[in-house]
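Just so you know, the sequences run in chain order A and B.
Counted the way the numbering used here counts, the first sequence spans residues 1 to 480.
Counted the way the numbering used here counts, the second sequence spans residues 481 to 960.
Everything labelled a hint here was simulated from the structure, so no lab data went into it.
Here the structure is a predicted model, which is why all the values come from computation and not from measurement.
Misleading hints may appear alongside valid ones.
The calculated EDC-like cross-link candidates involving lysine to aspartate or glutamate, where the alpha carbons are at most 16 Å apart (straight line), are [what the hints assert, rightly or not]: (1) LYS368(A) with ASP605(B); (2) LYS674(B) with GLU472(A); (3) LYS147(A) with ASP162(A); (4) LYS794(B) with ASP474(A); (5) LYS448(A) with ASP953(B); (6) LYS848(B) with ASP203(A); (7) LYS919(B) with ASP203(A); (8) LYS919(B) with ASP474(A); (9) LYS567(B) with ASP605(B); (10) LYS439(A) with ASP605(B).
Quick list of the computed label-pair ranges, beta carbon to beta carbon [said to hold, decoys possible]: (11) GLU750(B) with ASP474(A): 55 to 61 Å; (12) GLY522(B) with ARG475(A): 52 to 58 Å; (13) LYS194(A) with ASN745(B): 16 to 22 Å; (14) VAL537(B) with ASP162(A): 50 to 56 Å; (15) ARG475(A) with ASP701(B): 26 to 32 Å; (16) LYS279(A) with ALA846(B): 30 to 36 Å.
Glycine included, every Cβ here is placed at the ideal spot set by N, Cα and C.
Number of protein chains: 2
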Amino acid sequence: MEKQTKKVLSFGKDLGKAHQNILIIGAGLCGSLLALRLGQRGYNVSVYEMRPDLRKVDISAGRSINLAFSNRGNKAMKLVGIEDKVKALCIPMNGRMIHDKKGNTSLSNYSGQDYEYINSIARGDLNALLLDEAEKHENVNIYFNKKCKSVDFEKTTALFQDYQTKHEFIEDADVIIATDGAGSAMRKSYYLGKKFLFSFSQDYLTHGYKELSILPKANGDYKAYKNALHIWPRGSFMLIALPNLDGSFTVTLFLSYDEGEYNFNNLTTEVLVLEFFQKEFPDALAIMPNLIDDFFKNPTAPLGTIKCSPWHYKGNTLLMGDAAHAIVPFYGQGMNASFEDVVEFDNVLDQNLESWEATFTAYERARKKDTDAIADLAIDNFHEMKDHVVHPVFQEKRKLEMALEKEFPKEYASKYSLVTFNEDIGYQEAMLKGRAQDKAILNLLSDKLITVDGDLKTTLEKIKQETNAILEDDRIAGLK
Amino acid sequence: MEKQTKKVLSFGKDLGKAHQNILIIGAGLCGSLLALRLGQRGYNVSVYEMRPDLRKVDISAGRSINLAFSNRGNKAMKLVGIEDKVKALCIPMNGRMIHDKKGNTSLSNYSGQDYEYINSIARGDLNALLLDEAEKHENVNIYFNKKCKSVDFEKTTALFQDYQTKHEFIEDADVIIATDGAGSAMRKSYYLGKKFLFSFSQDYLTHGYKELSILPKANGDYKAYKNALHIWPRGSFMLIALPNLDGSFTVTLFLSYDEGEYNFNNLTTEVLVLEFFQKEFPDALAIMPNLIDDFFKNPTAPLGTIKCSPWHYKGNTLLMGDAAHAIVPFYGQGMNASFEDVVEFDNVLDQNLESWEATFTAYERARKKDTDAIADLAIDNFHEMKDHVVHPVFQEKRKLEMALEKEFPKEYASKYSLVTFNEDIGYQEAMLKGRAQDKAILNLLSDKLITVDGDLKTTLEKIKQETNAILEDDRIAGLK
Chain A
1 MEKQTKKVLS FGKDLGKAHQ NILIIGAGLC GSLLALRLGQ RGYNVSVYEM
51 RPDLRKVDIS AGRSINLAFS NRGNKAMKLV GIEDKVKALC IPMNGRMIHD
101 KKGNTSLSNY SGQDYEYINS IARGDLNALL LDEAEKHENV NIYFNKKCKS
151 VDFEKTTALF QDYQTKHEFI EDADVIIATD GAGSAMRKSY YLGKKFLFSF
201 SQDYLTHGYK ELSILPKANG DYKAYKNALH IWPRGSFMLI ALPNLDGSFT
251 VTLFLSYDEG EYNFNNLTTE VLVLEFFQKE FPDALAIMPN LIDDFFKNPT
301 APLGTIKCSP WHYKGNTLLM GDAAHAIVPF YGQGMNASFE DVVEFDNVLD
351 QNLESWEATF TAYERARKKD TDAIADLAID NFHEMKDHVV HPVFQEKRKL
401 EMALEKEFPK EYASKYSLVT FNEDIGYQEA MLKGRAQDKA ILNLLSDKLI
451 TVDGDLKTTL EKIKQETNAI LEDDRIAGLK
Chain B
481 MEKQTKKVLS FGKDLGKAHQ NILIIGAGLC GSLLALRLGQ RGYNVSVYEM
531 RPDLRKVDIS AGRSINLAFS NRGNKAMKLV GIEDKVKALC IPMNGRMIHD
581 KKGNTSLSNY SGQDYEYINS IARGDLNALL LDEAEKHENV NIYFNKKCKS
631 VDFEKTTALF QDYQTKHEFI EDADVIIATD GAGSAMRKSY YLGKKFLFSF
681 SQDYLTHGYK ELSILPKANG DYKAYKNALH IWPRGSFMLI ALPNLDGSFT
731 VTLFLSYDEG EYNFNNLTTE VLVLEFFQKE FPDALAIMPN LIDDFFKNPT
781 APLGTIKCSP WHYKGNTLLM GDAAHAIVPF YGQGMNASFE DVVEFDNVLD
831 QNLESWEATF TAYERARKKD TDAIADLAID NFHEMKDHVV HPVFQEKRKL
881 EMALEKEFPK EYASKYSLVT FNEDIGYQEA MLKGRAQDKA ILNLLSDKLI
931 TVDGDLKTTL EKIKQETNAI LEDDRIAGLK
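If we strip away everything but chain A, and leave its shape as in the complex, we get (with noise of 0.2 Å):
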């Protein structure tokens, strides 16, 4: 196992091209899209994951993990050439069915274009092709149980430890990328290193989250309406379902850890957590027949931020994906964020700058304003998904919305949709006119300048109006 990569010089064009040894630290879901990338543009390409081989090996011990898959990851399939295999795996969920305490439920389009819609895929199936494809280019080989303790970014040289030999050994590289992460050991020694000002934070919520399960019938048949991303908002904590591909969902309680009446600190009991359940999502309760084997077999986990900058350390070592910025996933964008992270440095090897330095520099400078935001954004919607749904005026913004979206679709996007459904503009765009966009419809309505019942047309221009001018008063107030 012991291996040494040869080391090439030569930047410029080559950089576009091959005779680079690339190093990619981690095999989830953004260094194995990097592999195949970097592979197809010829690149040799050498991946070291901690992990056993998913492929192989169980290694989410019976827990199907769910994810929201939607236009900016699929941007990064068509890039690579797989869209049709993904969609196999796609279920599409059209919006939010929410559930009251009462077990009442009511559908929320993400959209009003019928063909604009979110997609529940399972995290271990979407790698494990993406691994398969990667592995189809002889100049892609990908090694498992190679844990990385950490990087000499001075010499472009990784620590490894193999899980099962214990035997540690290091690999050199023209250039190493990491992709392991929120828990990075490549940031890890970024941060202790001490060799430049790195900024960097990690911010938790109060809450953390614990995963639970709603089985299929004894038919295979699914328990909830299945099409649907399903959430029972209770303004402090919510619960919510994805649906897997063999007629389960995958449920998500998140909860403070520490306030409230119940929270993960003090729900220690059966009786407790049935007690919990019961009061607050009895119509969940009744499909949950193995609510309590879930509840104290599975661990509470918390739910992190991380921003870092930089993210490269000269032309030598680069963070990617979840490494460089991890996020909360209540905008269910973490993967298609870190999908997009390989278009935009695919983007970035077109314009075959002349070093490695200068790519990494105009990779940060064009993604990290995208991705700052789209941290911010998945921020805000955990209070709009365990709170602001059930406000009569946020009902009104959103059932206003999706008749602009139906009527004007040209003309039209909200929030949510410049987020998820505009691929072609960037978060941080979408996060300064969405919000902009909200704020004016809000205001609109509270004061009675527009109603959901009114002509469309005239509302539509109202709101293009008094978005402009928020957006004209912020640009005067910050003296731009």
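Position chain B relative to chain A; hints supplied.
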């Protein structure tokens, strides 16, 4: 020097009295003030400082580092009864003296009130005074040359190393409060300990700073106007100068590390430094014959913001001052905010809560929103000082605000005044109101709805109305 403080486990009423051994890490401005106040309250206080006693050894290496001292800091001086002694160390600065490229100057006051100004004060003189006052209490002991290596926050013990003997020893206490600055050893123990979810951020500006000086005339007089904070704003960089009691000014250059025509990375020769100053700061250069010496002798230091949470671990340990919230220097509030920490903590002690944990929790809940706000305001002011102050619309705004403050002292206070001279409202409230006011004035001026020469009473009403409308729109958009 091996000392074991006796652990007394009496809470409740004793909290506000004595019998409690409090260990303070760091005898800087915050730590020495805290020791003084807790000494006054009757606690047994031991302070461990890593540097030598600054009253005996000159640790500034000939440099006089000065700070801006204003109302919030003075509130703390009143609390401990040394207001007059501090006043004797102060040089009032009534406004910003702005220097253009040709050497023309204009004074922009900080307030419309003559009695509102900030002060230049030498860090060392103030620290020495606080140490003297603290040591007057026999229940306060201060030990120098003892560097904290780490804190065991479960056991409430701290590991120190004696600077001279290199001997390591452990100190025990009922409570440990770390006031050991931006590089806090205890905060590092929180971060590396991973025993609880610790949100943490370190954010560096792209700019660093370097201290320079304007020495006194041969007769001891000041070479520039004494009672102002001098600024040479140049858009993307700036020079400032604050007066010292000895007739000198401490000058600070804020400049990008690697961007722009001139930056810290490329100013490597005497010729380049002189060329840069000749071009950008000719009037300053004329009174800085010692520029080259200072420039190449003094270090370039980074500018960072640190935020974290929680500040405390149970009732055992607490972070205070820069250790909890280090900010950039552009609002002149770093020391003032740390002093206000002590006032706020003292307020919570007055509540006689049932335990140290309840005390620390209440203190962080009351205080953190305000230290977060001043951190953000300080970044805002970086852009204001180096850039905005030269914009015509900004200058009109300041002119108008001075007139309003003079004419309606009870009814109007600018953002700067709210932050600096209105110590009875918190930083967060000052920020929210101040930002809305700034936005209102800039937009009203830009839309020609108010002018600098208009009727002041009418102008005030328009500003108030617009400010309230902005706050209300934000409230509605936040669905609060």
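Going down the list of hints, with the structure as the test:
A C-alpha spacing of about 44 Å is found between LYS368(A) and ASP605(B), which places the hinted pair above 16 Å, so the restraint is violated. For the given pair, LYS674(B) sits about 45 Å from GLU472(A) by alpha-carbon distance, which is inconsistent with the 16 Å threshold. Proximity of LYS147(A) to ASP162(A) is assessed by CA-CA distance (about 6 Å); at most 16 Å being required, the pair is judged to hold. Among the hinted pairs, LYS794(B) with ASP474(A) is inconsistent with the structure: their alpha-carbon atoms are about 42 Å apart, more than 16 Å.
Using a Cα cut-off of 16 Å, the hinted pair LYS448(A) and ASP953(B) holds, with the two alpha carbons roughly 14 Å apart. A threshold of 16 Å between alpha carbons decides the hint, and for LYS848(B) with ASP203(A) the separation of about 15 Å falls inside it, so the pair holds. Between the alpha carbons of LYS919(B) and ASP203(A) the distance comes to roughly 29 Å, so the proposed pair goes past 16 Å and is violated. Taking the CA atoms of LYS919(B) and ASP474(A), the gap is about 8 Å. The hint holds against a cut of 16 Å.
A hinted pair counts as satisfied when its Cα atoms are at most 16 Å apart, and LYS567(B) with ASP605(B) qualifies at roughly 12 Å. Of the supplied pair hints, the one linking LYS439(A) and ASP605(B) is violated, its CA atoms being roughly 51 Å apart against a limit of 16 Å. Separated by about 45 Å at the C-beta atoms, GLU750(B) and ASP474(A) break the suggested range of 55 to 61 Å. Taking the beta carbon of each, GLY522(B) and ARG475(A) are about 56 Å apart, inside 52 to 58 Å as hinted.
The hint said 16 to 22 Å for the Cβ distance between LYS194(A) and ASN745(B), and at roughly 18 Å that hint holds. Taking the beta carbon of each, VAL537(B) and ASP162(A) are about 53 Å apart, inside 50 to 56 Å as hinted. Under the hint 26 to 32 Å, the C-beta atoms of ARG475(A) and ASP701(B), about 47 Å apart, miss the expected range. Checked against the hint of 30 to 36 Å, the pair LYS279(A) and ALA846(B) passes, with Cβ atoms roughly 33 Å apart.
The structure fails hints 1, 2, 4, 7, 10, 11, 15 (numbered hints given earlier, in ascending order).
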